[in-house]
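**Q** Chain by chain, the residues:
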Amino acid sequence: MSKLLEIRGLRARIANGREVLKGIDLDVAAGEVHAIMGPNGAGKSTLSSVLAGKPGYEVTEGTVRYLGRDLLAMPADERAREGVFLAFQYPVEIPGVNNMYFLRAALNAGRRQRGQAELDAQQFLKAVRDRLKLLDIGDDLLRRAVNVGFSGGEKKRNEIFQMAMLEPKLAILDETDSGLDIDALRAVSDGVNRLRDPARAIVMITHYQRLLDYIVPDRVHVLADGRIVASGDKTFAAELERTGYAYLGDAA
Amino acid sequence: MLMTDDSAPFRDAFDQLLATVAEPAWLTTRRRVEMDRFALLGFPTRRQEAWRFTDLEPLTAAPPLPAAGGGDGPAPASLAPWLLPVPTHRLVLVDGRFAPALSAGGALPAGVWLASVAETLRRRPDMLERAFGDGEEAFAALNAALFTDGVVLALEPGVVLETPVEIVHHTTSAAHARLHIALGAGAHATVVETAMGTGAGWGNTVGVITLGAGAMLTHLHVQAEDPAACHTAAVRAVLADQARYEACALITGGRLSRRDVAVTLAGDGAEFRLHGAYLLDGGQEATLSVRADHLGQGCRTEEVVKGVLAGASHGVFLGTVAVAPGADGTDARQLNRNLLLSPQARVDTKPELEILADDVKCSHGATVGSLDDASLFYLQSRGIDPDAARRMLVEAFAAEAIDAAGLPDALAELAHRHLRRWLDGGAS
Ligand SMILES: Nc1ncnc2c1ncn2[C@@H]1O[C@H](COP(=O)(O)OP(=O)(O)O)[C@@H](O)[C@H]1O
Ligand SMILES: [Mg+2]
Chain A
326 MSKLLEIRGL RARIANGREV LKGIDLDVAA GEVHAIMGPN GAGKSTLSSV LAGKPGYEVT
386 EGTVRYLGRD LLAMPADERA REGVFLAFQY PVEIPGVNNM YFLRAALNAG RRQRGQAELD
446 AQQFLKAVRD RLKLLDIGDD LLRRAVNVGF SGGEKKRNEI FQMAMLEPKL AILDETDSGL
506 DIDALRAVSD GVNRLRDPAR AIVMITHYQR LLDYIVPDRV HVLADGRIVA SGDKTFAAEL
566 ERTGYAYLGD AA
Chain B
-13 MLMTDDSAPF RDAFDQLLAT VAEPAWLTTR RRVEMDRFAL LGFPTRRQEA WRFTDLEPLT
47 AAPPLPAAGG GDGPAPASLA PWLLPVPTHR LVLVDGRFAP ALSAGGALPA GVWLASVAET
107 LRRRPDMLER AFGDGEEAFA ALNAALFTDG VVLALEPGVV LETPVEIVHH TTSAAHARLH
167 IALGAGAHAT VVETAMGTGA GWGNTVGVIT LGAGAMLTHL HVQAEDPAAC HTAAVRAVLA
227 DQARYEACAL ITGGRLSRRD VAVTLAGDGA EFRLHGAYLL DGGQEATLSV RADHLGQGCR
287 TEEVVKGVLA GASHGVFLGT VAVAPGADGT DARQLNRNLL LSPQARVDTK PELEILADDV
347 KCSHGATVGS LDDASLFYLQ SRGIDPDAAR RMLVEAFAAE AIDAAGLPDA LAELAHRHLR
407 RWLDGGAS
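Protein chains in written order, with our numbering: chain A, 326 to 577; chain B, -13 to 414.
Worth double-checking, as some hints may not be accurate.
[Unchecked claim] Some residues of chain A that are not near chain B, with every Cβ distance over 12 Å (derived):
#, residue
1, N365
2, A377
3, K379
[Said to hold, decoys possible] Cross-link-like lysine to aspartate or glutamate pairs, in silico, EDC-like; alpha carbons within 20 Å at most:
#, chain 1, residue 1, chain 2, residue 2
4, A, K379, B, D373
5, A, K480, B, D373
6, A, K379, B, D371
7, A, K480, A, D464
[Said to hold, decoys possible] Beyond 12 Å from chain B on every Cβ pair, some chain A residues (computed):
#, residue
8, E383
9, D402
10, Y426
11, Q447
12, A524
13, A563
Hint data in this document are derived by calculation from the structure and do not stem from the laboratory.
A virtual CB, placed ideally from N, CA and C, is assigned to each residue, including glycine.
Throw the hints in and build the complete structure from the sequences for me.
**A** Here it is in structure tokens:
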């Protein structure tokens, strides 16, 4: 399997602040699902932010290669158009920007980048309907402004819906499970499972084991204090469940 | 006063005008009174509180003068992008004079008077005899002295004019045009006024609006003057019982722009709503000044004005709600929100309340901010490039004011079209 993502010795800090990532090594191949677990404050969201290109962080050492390219040299929007998708831990509310209008602009930006024809309003609507059906979600989200007035669960579902529309090669899901009740968790997990694909890698960040009952990963990593301190296959998650990962560096 | 007589540059044009127009004696007298009044007042200066943020220098240094006989009109096709997407009664004024060739009046229902000011003065001068105010401010006085033409819309009581009236001011030199709107009790009308032109012209418009009991006027104003032009406009409206004045102003043009809206809610239960936005770039300056005088009981005022300031532009919002003694049950809200897109852009915002009545509900607020970084990143993280992301957020910000106006579809479409035209113009 070709390596989709290769992270080597990645160190990063908050701009003009303290170091949060203290040497991360991680390989993810197409078709794989990786889970990254770890205590609050370990640096999980920082890792996803650095991969997505969020401003406010400085990479001080290390490399990230995505499909063989230097990911860190690409602006955030280009990363997205090249197939990197971040499902936010806290999706942003954007008043006045209609969800559909926004998503069509995003989808067509990616298509332009890949040299594909843009979707017109009708083609886009059909794609939307297909994905809504696939994920079994209603269309009431679509009429509203981006994330405005959405419940926590609706926001997370909207992130997965966007993922389904944009068809990324690398999807990073940052605590997509947090704040969900059991029904919403099941719905979101089913959605993610339907988006598993041999050409797509999924990195899901969580600090609950329960997500892994619904989305079974190929690899599980523990991130603590800015480092990956342990990795294993899916049975490793069950082991962690028994022992907890406190011994792996959870100071809390 | 004689040393700095601001009226001096206008005297020749004034004499020429008086020599060429054939109009009622009362009007000639009125013009002379107003010219003298302007000579007395001169252009406003920054020492006057209401003008303290407005830099009139681009206008007063060398005020454009009316072109004799009016300038050339625009090619009809060039108007198309500015027009409503539905049939209208259209009147085009070129340098302040009615241009029949560019206009398309259409058949008028009974009880509707819609004509140029010049025609009205010929056929029904009585309609305008009491339509000039005393004690005008400087710009309105100059307009009354020098006006060449304009539009008169008068509806008899109960008449509902479904088809919008569309007025286009096309200015290349100087235009002093008047707009008179009088709606009888229960009458309804929709008016769109677009100001545009080419070159360093000056449009100086006066609007006089009277709404009878239960009358309703929807009034969209699109100010899209040439970037080198100056634009001054004074609109005053008097509302009787239960009358509604729904105004929306979209201001993007001109080097210097000033719009003064003064609304008197004279009757009980009258309602004034003003929504709009000023969107400026480069060295543009625009002032939107709105005054609502609440005299009647149980009247409502609602103002939502957005400002988008790019480049080294300067936006000014002055909002006063004055509640007179006895105007109980007044409900007034003013909100002015501004978005600064560059470190050189500036805004002055001054929403004010003067309350002399009991039992009133008044609120006012003003904000100045910049684009939200988290929103920008969210959009970019989905593949939208930074320019498009900024544009999307600016459009959403300004569109909110247009949408809140609740305009009829065709007017909303025109307003959004104009907003997008501004965004395409490369600001931000
Ligand atoms: N933008 C930021 N500014 C300041 N501190 C931050 C910022 N982002 C993260 N941190 C800090 O970095 C550490 C790691 O945070 P984060 O990556 O969010 O952890 P996790 O997602 O694993 O809970 C925490 O101590 C957090 O307070
Ligand atoms: Mg986190």
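**Q** Each hint needs a verdict: does it hold in this structure or not?
**A** Status of the hints after comparison with the structure:
no.	hint	result
1	N365	holds (20 Å)
2	A377	violated (5 Å)
3	K379	violated (6 Å)
4	A/K379 - B/D373	holds (16 Å)
5	A/K480 - B/D373	violated (25 Å)
6	A/K379 - B/D371	holds (14 Å)
7	A/K480 - A/D464	holds (13 Å)
8	E383	holds (16 Å)
9	D402	violated (4 Å)
10	Y426	violated (8 Å)
11	Q447	holds (21 Å)
12	A524	holds (18 Å)
13	A563	holds (33 Å)
Of the numbered hints listed earlier, those contradicted by the structure are 2, 3, 5, 9, 10.
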